[in-house]
Amino acid sequence: MRLFLREQRPVIVIYFIQLAVVTFVYWLDGYRNAAVSMYAVLLSSCLLVGYLVFRYLTHRSFYRRLQEPAESIGDFTDVKPSSPLSESLHRLLKSQYRHYISELSGQTEKIEGHIRFINQWVHQMKTPISVIHLMVQQESDSRSVAIADELDRLRKGLDMVLYTARLDQFEHDIYVETLGLEKLVRSLITAQKRLFIRGKVFPVIEMEPQLSVVSDEKWLTFVLTQLITNAVRYTLRENGKLYFRAYAKNGRTMLEIEDEGIGIPESDLPRVFDAYFTGENGRRFQESTGMGMYLAKEICRKLGHELDIESEEGRGTLVRMKF
Amino acid sequence: MFKIFIVEDDQGLVKLLEEYLHKFDYETFAVTDFESINTQFRQYVPHLVLLDVNLPKYDGYYWCRQIRSLSTCPIIFLSARDGKMDQVMGLDNGADDYITKPFDYDIVLAKINSHLRRAYGTYAAQAEGRPLQVQGLRLDRERLCLFLREMRVELSHTEMKILDELMIKSEQVVSRDRLLEKIWDEQIFVDDNTLNVYVTRVRKKLSALGIEDALQTVRGQGYRLVPSWENTP
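In the order they appear, the protein sequences are chains A and B.
First residue of the first sequence: 81, per the working numbering; consecutive thereafter.
First residue of the second sequence: 22, per the working numbering; consecutive thereafter.
Everything labelled a hint here was simulated from the structure, so no lab data went into it.
Keep in mind the model is a prediction, meaning the values are calculated, not measured.
Yeah, the Cβ is synthetic: ideal placement off N, Cα and C, and Gly gets one too.
There's no promise every hint is true.
Below, a list of computed lysine-lysine pairs in the DSSO-like style, where the Cα atoms sit at most 30 Å apart [claimed, not checked]:
1) B/LYS44 with A/LYS206
2) A/LYS206 with B/LYS105
3) A/LYS206 with B/LYS182
4) B/LYS182 with A/LYS263
5) B/LYS36 with A/LYS236
6) A/LYS263 with B/LYS203
7) A/LYS377 with B/LYS105
8) B/LYS105 with A/LYS236
Sample of chain B residues facing chain A (criterion: CB under 10 Å; computed from the structure) [unchecked claim]:
9) LEU38
10) ASN75
11) ARG102
12) ASP103
13) ASP125
14) LYS190
15) VAL194
16) ASP198
17) TRP205
Make the full structure from the sequences, and use the hints.
Below is the structure:
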């Protein structure tokens with residue numbers, strides 16, 4: 081209604097000016113009967129009001145549409161055009177919408193193709209990694225050990241690429257089941273034993289053995305591996321401990337991973353989950369992409385878990401997952 | 022002697038697998054013509070198949086079904102794909118197991134052994150390959166025993182693993198990290214001090230066989246097993 085009145089304001093103003101001009105011309109001519117002029121004003125005003133009402137009624141849905149913000153891109157299609165103006169606008173929007181959709185689907189296709197390519201590429205890279213892995217496995221000289229370590233990093237990097245690419249299609253790639261928490265953590269630690277042994281960090285498990293969680297094993301494993309890798313990497317002293325604790329609290333299962341590492345500066349703490357944020361520690365150690373914690377948080381959000389972090393510089397870091 | 026049929030298109034990987042399996046007395050055949058896997062299978066008649074998923078022309082699932090129509094021998098998939106669906110697909114198409122790349126030698130060997138044992142139970146002793154032997158000192162991995170001439174001592178699982186590694190690499194230095202890696206499993210996480218305890222126990226077991234000073238400590242590097250005992254019965 082307000083938009084309609086604003087739109088019609090020039091017409092109304094012109095009308096009154098015209099009325100004044102006509103009356104004035106008659107007045108100059110010597111015709112001075114106020115009552116008749118008032119009658120004429122009244123009549124023509126009625127005509128104006130009639131015109132405005134008609135115009136408003138026919139264009140009502142059109143104006144209402146213009147005033148309300150669109151909720152989705154195809155929102156306009158349910159409006160029935162009732163006047164030439166709204167009809168042509170409708171046509172314009174429709175053709176624009178068509179162009180937009182075709183361009184968008186082209187883009188989506190491109191992105192999907194790219195993701196498919198990345199997936200395939202990562203899998204192709206796994207065979208050469210297997211070969212190198214087998215070649216150095218039987219050797220124990222320092223060179224082979226160094227190659228094996230680099231290989232581990234390469235594998236983690238590839239996994240990160242794979243999981244980042246998959247994140248958008250999360251819904252198609254999830255299998256939820258009940259997982260024994262202690263068993264899961266133990267097998268994870270074993271899978272990362274090289275990391276622990278090289279880092280001279282020792283895991284300590286303090287868990288109630290019966291606890292289980294409902295989650296997707298693959299994604300959860302990825303998140304926990306990220307957390308463990310960080311914890312071990314930032315524990316710089318020898319024989320540091322990495323505590324795994326699990327307990328039930330207020331009907332929810334908690335899993336804590338606490339290290340005795342260098343901790344995170346307080347100023348960095350609120351931003352550790354931001355994408356590409358590396359912070360003080362990342363800059364000092366030159367290995368961080370800033371994606372690990374971001375991915376971990378994002379995956380947890382999608383799985384419906386909460387991820388918190390507490391840290392004191394120089395004392396250690398505690399990461400808590402609420403299931 | 023067990024015959025293993027390897028279907029994998031990466032020649033480097035095939036070569037390494039073959040070399041490793043030969044060490045444990047397995048006979049192998051690597052497919053080079055991926056058009057006629059059936060025919061080659063029929064000619065070779067293997068006891069077990071290692072099968073890659075991504076192959077030229079047809080994929081591993083297809084060949085798995087083909088092989089299944091010829092034989093019931095154990096089939097183990099080797100694949101870079103680690104998704105649940107891929108594994109389910111593999112097993113649904115008739116495979117017995119699924120190993121994801123990159124894998125460890127130990128895992129491949131353990132799975133091959135266990136499937137052979139299941140499929141050809143009566144040959145169980147053979148399936149373990151030859152007992153590990155260094156100058157008459159024999160390690161029976163299955164029964165957790167160590168023999169020298171007529172003497173024998175029993176070992177714990179962890180002691181067996183330490184001796185296994187030291188004997189395979191006899192006269193070479195084995196690093197502490199490597200030993201830790203070997204004996205670390207889901208039940209025991211071994212720290213440095215625990216390793217010291219285990220090494221001491223292994224020394225005691227050796228001295229029960231009359232072997233002294235064979236297990237040497239190399240400062241800053243690790244341990245070395247020097248065959249100092251006589252091989253005469």
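To see whether the hints hold, each was checked on the structure:
1. Restraint check for B/LYS44 and A/LYS206: satisfied, since their Cα atoms lie roughly 25 Å apart, inside the 30 Å limit.
2. Proximity of A/LYS206 to B/LYS105 is assessed by CA-CA distance (about 17 Å); at most 30 Å being required, the pair is judged to hold.
3. The suggested pairing of A/LYS206 with B/LYS182 holds, with an alpha-carbon distance near 29 Å, which does not exceed 30 Å.
4. A C-alpha spacing of about 23 Å is found between B/LYS182 and A/LYS263, which places the hinted pair at or below 30 Å, so the restraint holds.
5. A C-alpha spacing of about 26 Å is found between B/LYS36 and A/LYS236, which places the hinted pair at or below 30 Å, so the restraint holds.
6. Pair hint A/LYS263 plus B/LYS203 holds up; C-alpha atoms about 20 Å apart against a cutoff of 30 Å.
7. Using a Cα cut-off of 30 Å, the hinted pair A/LYS377 and B/LYS105 holds, with the two alpha carbons roughly 23 Å apart.
8. Under the criterion of a C-alpha separation no larger than 30 Å, the hint pairing B/LYS105 with A/LYS236 is consistent with the structure, at around 19 Å.
9. Look at B/LEU38: its Cβ gets to within about 7 Å of chain A, closer than 10 Å, so that hint holds up.
10. The beta carbon of B/ASN75 is positioned within 10 Å of a beta carbon in chain A (closest approach about 7 Å), and the interface hint is therefore held.
11. The beta carbon of B/ARG102 is positioned within 10 Å of a beta carbon in chain A (closest approach about 6 Å), and the interface hint is therefore held.
12. Taking 10 Å as the C-beta contact cut-off toward chain A, the hint placing B/ASP103 at the interface holds, the least distance being around 8 Å.
13. The criterion of a C-beta within 10 Å of any C-beta in chain A is met by B/ASP125, whose closest approach is roughly 7 Å, and the hint holds.
14. Contact between B/LYS190 and chain A, as hinted, is supported at the beta carbon level, the nearest pair being about 7 Å apart and thus within 10 Å.
15. The restraint placing B/VAL194 at the interface with chain A holds, with a minimum CB-CB distance near 7 Å, inside the 10 Å limit.
16. Restraint check, B/ASP198 versus chain A: the minimum CB separation of about 5 Å is within 10 Å; hint holds.
17. At its closest, the beta carbon of B/TRP205 sits 5 Å from a beta carbon of chain A; the interface hint therefore holds under the 10 Å criterion.
The earlier numbered hints are all upheld by this structure, with none contradicted.
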